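The numbers in numbering that gives the first Met the number 0 rise by one with no breaks, and the one at position 321 of the sequence shown is 320.
By construction, these hints were calculated from the structure, which means they are not laboratory data. Hints are supplied without guarantee of correctness; some may be wrong.
[To be verified] Under the rule of at most 25 Å between Cα atoms (straight-line distance), these lysine to any residue pairs were calculated in the SDA-like manner:
{"hint": "1", "residue 1": "66", "residue 2": "82"}
{"hint": "2", "residue 1": "130", "residue 2": "90"}
{"hint": "3", "residue 1": "130", "residue 2": "88"}
{"hint": "4", "residue 1": "66", "residue 2": "14"}
{"hint": "5", "residue 1": "20", "residue 2": "9"}
{"hint": "6", "residue 1": "50", "residue 2": "139"}
Here the structure is a predicted model, which means the values were calculated and not measured.
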Amino acid sequence: MTQLTHLDSDGRARMVDVGGKPETDREAVARGRFLTTPEVIRLVAADDLPKADVLATARIAGIGGAKRTSELIPLCHPLPLNSVRVDFELDPEAGAIDIEVVARTRGRTGVEMEALTAVAVAGLTLHDMVKAVDPAATLTDIRLVAKSGGKRGEWRRDGEAADAPGAPASTAPAATAPAAAPPAATAPAIVLVASTRAAAGVSEDTTGPAISAWLAERRLPADVRVVADADVDAALRQAVAERPRVVITTGGTGVSPTDRTPEATAALLDRQLPGVAEALRARGAAATPLAALSRGVVGVAGSTLVVNLPGSRGGVSDGLAVLDDLLPHLLDQLRGGDHG
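Can you build the whole structure from these sequences, using the hints too?
This is the structure:
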């Protein structure tokens, strides 16, 4: 029993003294599953339940739960949270909502309990929101998926198909991303994934669905297209020709011989936005010095905003955090809005 850090030599509960530990960047990913019925999932998606804004309410509750973890779990240390992301994926066929939380801090102890508490509180809030139509709904499978930082470094649950720490979780069902020629129909947004391995089916891309989900939250449904690095030029030309409001690329921004996304993008731009590109690099550099190697560009082709993001989940997460503040204003400007 004395091997447990929360017990003293007599086997009594104690709060661990972390004062001598170094401060490091820490992150935790936790998940849970809320089981209800396909009809309830349809009502949630249509915002047609007696209690409206189901997912938004559960998200806010989850974030609030993470902030108050030390008040709920007796031996947890209060942590200054850098961020808490609470994301949902609707599974209509299974009648389920998958919950994923990514919590980050810089501190002397881990942020796992904050992530797990956020999942639990978000799930309980989902139950409160739907219990009028399905009192039998169940919150299950709450578990830690991955963590990073501290003396033990990275840990991942065996057999869990999880995103790496640092990744923004998907808030919508992952889009199917064919490697074939893009469809002719125009979408408000297009996500272009430059990955030879993903296009060949050797590896599974997770950046495209994450960007698509982020865009969907902003009412910009997106087509996700996966192409080999060698086909980026043609795929970008096709995407811009469809005149969507925004094209976001991921991958191909580094310095390897096959990384050609910036060159293909620059050739199509009428005006570059170097300030945005530098903001993206600066945000990434705060997490890793390797962000300085990104050559991504941002600019306008006709009335379409084109943004290059790195191919890593962390790079995409950092890039979307920058675009959170800029995208609405950029799109408004492209539609002729004022500078207010």
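Hint-by-hint comparison with the structure:
1. Straight-line distance between C-alpha atoms of residue 66 and residue 82 comes to about 10 Å, which keeps the hinted pair within the 25 Å bound.
2. Between residue 130 and residue 90 the alpha-carbon distance is near 18 Å, which keeps this suggested pair within the 25 Å criterion.
3. A distance of roughly 19 Å separates the Cα atoms of residue 130 and residue 88; the hinted pair therefore holds under the 25 Å criterion.
4. A C-alpha spacing of about 19 Å is found between residue 66 and residue 14, which places the hinted pair at or below 25 Å, so the restraint holds.
5. A threshold of 25 Å between alpha carbons decides the hint, and for residue 20 with residue 9 the separation of about 24 Å falls inside it, so the pair holds.
6. Restraint check for residue 50 and residue 139: satisfied, since their Cα atoms lie roughly 22 Å apart, inside the 25 Å limit.
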